[in-house]
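Student: Residue strings, one per chain:
2 protein chains.
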Amino acid sequence: MSLFLSLTPRAEAWDKFKQYIKVGPHESETVNICDAIDCILAEDIISPADLPGFARSTKDGYAVRASSTFGASQGLPALLTLRGRIRMGEQTKLSLGQHECAAIATGGMVPEGADAVVMIEMCEAIDDETIAVTHSVAPGENVVGAKEDIASGTLMLSQGRRLRPPDIAALAAMGVPEVKVAVGPKVAVISTGDELVDIWDTPLPGQVRDMNAYSIYSAIKACGGRPKLWGIVKDESLAIQEIIAKAHRESDMVIVSGGSSIGERDFTRESIEALGDPGVLIHGVAIKPGKPTILAVAEGKPVFGLPGHPMSSLVVFNLFVAPAIAMWMGGTLFRRETQARLSANVASIIGREDYVSVKLRIEDGEVWADPVFTKSAAISGLVCADGIMRIPDDVEGVEKGDRIRVTLF
Amino acid sequence: MSLFLSLTPRAEAWDKFKQYIKVGPHESETVNICDAIDCILAEDIISPADLPGFARSTKDGYAVRASSTFGASQGLPALLTLRGRIRMGEQTKLSLGQHECAAIATGGMVPEGADAVVMIEMCEAIDDETIAVTHSVAPGENVVGAKEDIASGTLMLSQGRRLRPPDIAALAAMGVPEVKVAVGPKVAVISTGDELVDIWDTPLPGQVRDMNAYSIYSAIKACGGRPKLWGIVKDESLAIQEIIAKAHRESDMVIVSGGSSIGERDFTRESIEALGDPGVLIHGVAIKPGKPTILAVAEGKPVFGLPGHPMSSLVVFNLFVAPAIAMWMGGTLFRRETQARLSANVASIIGREDYVSVKLRIEDGEVWADPVFTKSAAISGLVCADGIMRIPDDVEGVEKGDRIRVTLF
Numbered sequence: 001m002s003l004f005l006s007l008t009p010r011a012e013a014w015d016k017f018k019q020y021i022k023v024g025p026h027e028s029e030t031v032n033i034c035d036a037i038d039c040i041l042a043e044d045i046i047s048p049a050d051l052p053g054f055a056r057s058t059k060d061g062y063a064v065r066a067s068s069t070f071g072a073s074q075g076l077p078a079l080l081t082l083r084g085r086i087r088m089g090e091q092t093k094l095s096l097g098q099h100e101c102a103a104i105a106t107g108g109m110v111p112e113g114a115d116a117v118v119m120i121e122m123c124e125a126i127d128d129e130t131i132a133v134t135h136s137v138a139p140g141e142n143v144v145g146a147k148e149d150i151a152s153g154t155l156m157l158s159q160g161r162r163l164r165p166p167d168i169a170a171l172a173a174m175g176v177p178e179v180k181v182a183v184g185p186k187v188a189v190i191s192t193g194d195e196l197v198d199i200w201d202t203p204l205p206g207q208v209r210d211m212n213a214y215s216i217y218s219a220i221k222a223c224g225g226r227p228k229l230w231g232i233v234k235d236e237s238l239a240i241q242e243i244i245a246k247a248h249r250e251s252d253m254v255i256v257s258g259g260s261s262i263g264e265r266d267f268t269r270e271s272i273e274a275l276g277d278p279g280v281l282i283h284g285v286a287i288k289p290g291k292p293t294i295l296a297v298a299e300g301k302p303v304f305g306l307p308g309h310p311m312s313s314l315v316v317f318n319l320f321v322a323p324a325i326a327m328w329m330g331g332t333l334f335r336r337e338t339q340a341r342l343s344a345n346v347a348s349i350i351g352r353e354d355y356v357s358v359k360l361r362i363e364d365g366e367v368w369a370d371p372v373f374t375k376s377a378a379i380s381g382l383v384c385a386d387g388i389m390r391i392p393d394d395v396e397g398v399e400k401g402d403r404i405r406v407t408l409f
Numbered sequence: 001m002s003l004f005l006s007l008t009p010r011a012e013a014w015d016k017f018k019q020y021i022k023v024g025p026h027e028s029e030t031v032n033i034c035d036a037i038d039c040i041l042a043e044d045i046i047s048p049a050d051l052p053g054f055a056r057s058t059k060d061g062y063a064v065r066a067s068s069t070f071g072a073s074q075g076l077p078a079l080l081t082l083r084g085r086i087r088m089g090e091q092t093k094l095s096l097g098q099h100e101c102a103a104i105a106t107g108g109m110v111p112e113g114a115d116a117v118v119m120i121e122m123c124e125a126i127d128d129e130t131i132a133v134t135h136s137v138a139p140g141e142n143v144v145g146a147k148e149d150i151a152s153g154t155l156m157l158s159q160g161r162r163l164r165p166p167d168i169a170a171l172a173a174m175g176v177p178e179v180k181v182a183v184g185p186k187v188a189v190i191s192t193g194d195e196l197v198d199i200w201d202t203p204l205p206g207q208v209r210d211m212n213a214y215s216i217y218s219a220i221k222a223c224g225g226r227p228k229l230w231g232i233v234k235d236e237s238l239a240i241q242e243i244i245a246k247a248h249r250e251s252d253m254v255i256v257s258g259g260s261s262i263g264e265r266d267f268t269r270e271s272i273e274a275l276g277d278p279g280v281l282i283h284g285v286a287i288k289p290g291k292p293t294i295l296a297v298a299e300g301k302p303v304f305g306l307p308g309h310p311m312s313s314l315v316v317f318n319l320f321v322a323p324a325i326a327m328w329m330g331g332t333l334f335r336r337e338t339q340a341r342l343s344a345n346v347a348s349i350i351g352r353e354d355y356v357s358v359k360l361r362i363e364d365g366e367v368w369a370d371p372v373f374t375k376s377a378a379i380s381g382l383v384c385a386d387g388i389m390r391i392p393d394d395v396e397g398v399e400k401g402d403r404i405r406v407t408l409f
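Going down the list, the protein sequences come from chains A and B. Under the working numbering, the letters of the first sequence match residues 1 to 409, in that order. Under the working numbering, the letters of the second sequence match residues 1 to 409, in that order.
Calculated from the structure, these hints are not laboratory results. Just to be clear, a hint being listed does not mean it is correct.
Which copy is meant is left open, so a pair is good if it fits within one copy or across any two.
[Unchecked claim] Straight-line alpha carbon distances no greater than 30 Å define the calculated BS3-like cross-link-like pairs of lysine-lysine that follow:
1) K228 <-> K288
2) K221 <-> K288
3) K180 <-> K228
4) K288 <-> K147
5) K400 <-> K18
6) K291 <-> K147
7) K288 <-> K180
8) K186 <-> K400
9) K400 <-> K221
10) K180 <-> K359
11) K234 <-> K93
12) K359 <-> K147
13) K288 <-> K234
14) K22 <-> K186
15) K16 <-> K221
Just so it is clear, the structure is predicted and the values come from calculations on it, not from any experiment.
Looking at chain A on its own, in the form it has when it is part of the complex (with noise of 0.2 Å):
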């Protein structure tokens, strides 16, 4: 056993394990556009048709040629015939001429002769077939051209994007009412320790609950992943080895979990090298917290030995399995991110990057971060944090007032 791990830093760990994760999508399912949302699309999506397909008013108002209302003003109104009213949907069969009007809701079909809307609000009806127009209005004002938005064959929407509300609009506007999305990696959640017992089961003095496992399912699933939980194996290298190979025979991904004994660690790191190709890539990240974590990839699969202190465990699992997940999937990491003014000075070192506790609160309308001070192993250090700041390798801590970046839970 060697007391001190070699530590790569956090960016150089990323890039050499990131060019062994298969870039996706690998698997994809097509899903109505109602249940796309937040989801990855998994594949481009190109506009079929001119949209809006015609000529379109984007004011309520008459349409006309925009020459017959050239030098109108308020003293001398545009004089215009009002030769109807174009129904919302109707495909109209009006041709406008000069000195000619049709009144058009918004959304309405600019008739034919037509290359204008006038504002309601600068219209005056002088009696039932007379409009007074007291602006003048330029060619395409108030009008959407009828390939002036989309035009047939424009790439909308490319693979890789996680689907917002608008985009899901765009979708039913160019009439796609299902997309290929991305279908998350299994990703199997093993916990190690002797210490450790089920949620469902009561402690003894010297055990603790195996509350990890839980925190990384749910963060698993928050990003899209299908995770499982393998439960707890007891820190013996035979029944350690058995279960990672065959949770990674099984999963796209495996994560252990880690109790905190010794013994432990070098079963898991073994039992992670027995695994294949190229194994072990990374023991050792100049973070805090999160210094002990493997990252390793077998057989195409990214296998994770993650700390074994709870928020260690999700700091690390942020930094290097939500974006794994995110790139199998084909899509990039979207995180939940802040900004906010450090409300006191934090220490740090040179040559280590450190994750940060915080938590905000608004004064005179600044977000402030308060930095969130507990053991490490503290629960109520968990509940009470909005966040996570990181401190750059590079300084020996910020300042209070600074500017700060927040990844929120």
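With the hints as your guide, set chain B onto chain A.
Tutor: Relative to chain A, chain B alone:
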């Protein structure tokens, strides 16, 4: 038909509206904590026991009586007698005296008589029975006391909290395997407008697909609500009234996604008024886009009239519907927000809040927001926007370089 709506400032509209929303949770279900991620907690969670429940080491090293190490240095180490090794998960029977120690791993139970742990890096084995300690430790150092993390009876998580991975860890640690979470409201989405066709149909000239129903559906889902599409109703007074009344009976909230014909707006308003008291509270909000918004409550159920433009519809959803859903579930709205610097001047007018789509990019480590300018009905503008910035109603615009907050889609 009135051309000019009486416009209410956004904050005032919300204040007037929200007092009629019945704060929830109204319905809850019991779920395994595995399935509770991002759910709204529908009960307070009080710790049923002390945690960790025993004095626990936070480091790998040796458990000691701190006073045995006082004055220890590299030049003059304290020599301690090794009494044994504490195994993980074991309720140790050891009792340490002065000048004695026991090997312990992180998470191990600190034995009787010991009050601190010396990190392994500060110790050296002289022989099988003797450990040299080169640094002193203070009482309590590297140890979490039995009740120190969480005392039994502590309110750990309050009703209304959105559960995040660290909360799931805390629930697991406390032995709370199931929690009550809020069930979202049933939200009916009714589309009005003679120009609309279903997304499975091919529109004729003058017609467009009913895109807003789908983006609103997905946005409701993302907020935790239970959306249901009630289809497209034609611009005809009786048809609108009937479907709104039926949806109101069968749902907890109703959204009428506006077409754009003028007659239909009046039918919608009248139909909502007919549902019951207090009826339409707001018709017209001083925002752009989103002016023709209707906010109503009938028989305790919120009813919304959303504008027909796709981006307007989403802006109004985020401002009024999303927080109403959160209140109904007894939680607070979680907005995905970020800060950015604006890359161009954007004009507005006093007395109106403007909501402008922006695209985000990172340059020199700073997040910049580029305003997306498109014609108001544009679908192309939807897919290229990362979020929306607000220009308050008391300024004439925001300037290039200003720091702004962006609500992300």
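Student: Run every hint past the structure and note whether it holds.
Tutor: Against the structure, the hints come out as follows:
no., hint, result
1, K228 <-> K288, "within (28 Å within a copy, 47 Å between copies)"
2, K221 <-> K288, "within (25 Å within a copy, 37 Å between copies)"
3, K180 <-> K228, "both (24 Å within a copy, 22 Å between copies)"
4, K288 <-> K147, "between (55 Å within a copy, 26 Å between copies)"
5, K400 <-> K18, "neither (35 Å within a copy, 38 Å between copies)"
6, K291 <-> K147, "between (56 Å within a copy, 27 Å between copies)"
7, K288 <-> K180, "neither (40 Å within a copy, 35 Å between copies)"
8, K186 <-> K400, "neither (43 Å within a copy, 46 Å between copies)"
9, K400 <-> K221, "neither (36 Å within a copy, 40 Å between copies)"
10, K180 <-> K359, "between (39 Å within a copy, 25 Å between copies)"
11, K234 <-> K93, "between (80 Å within a copy, 21 Å between copies)"
12, K359 <-> K147, "between (49 Å within a copy, 23 Å between copies)"
13, K288 <-> K234, "within (27 Å within a copy, 61 Å between copies)"
14, K22 <-> K186, "within (14 Å within a copy, 41 Å between copies)"
15, K16 <-> K221, "within (26 Å within a copy, 38 Å between copies)"
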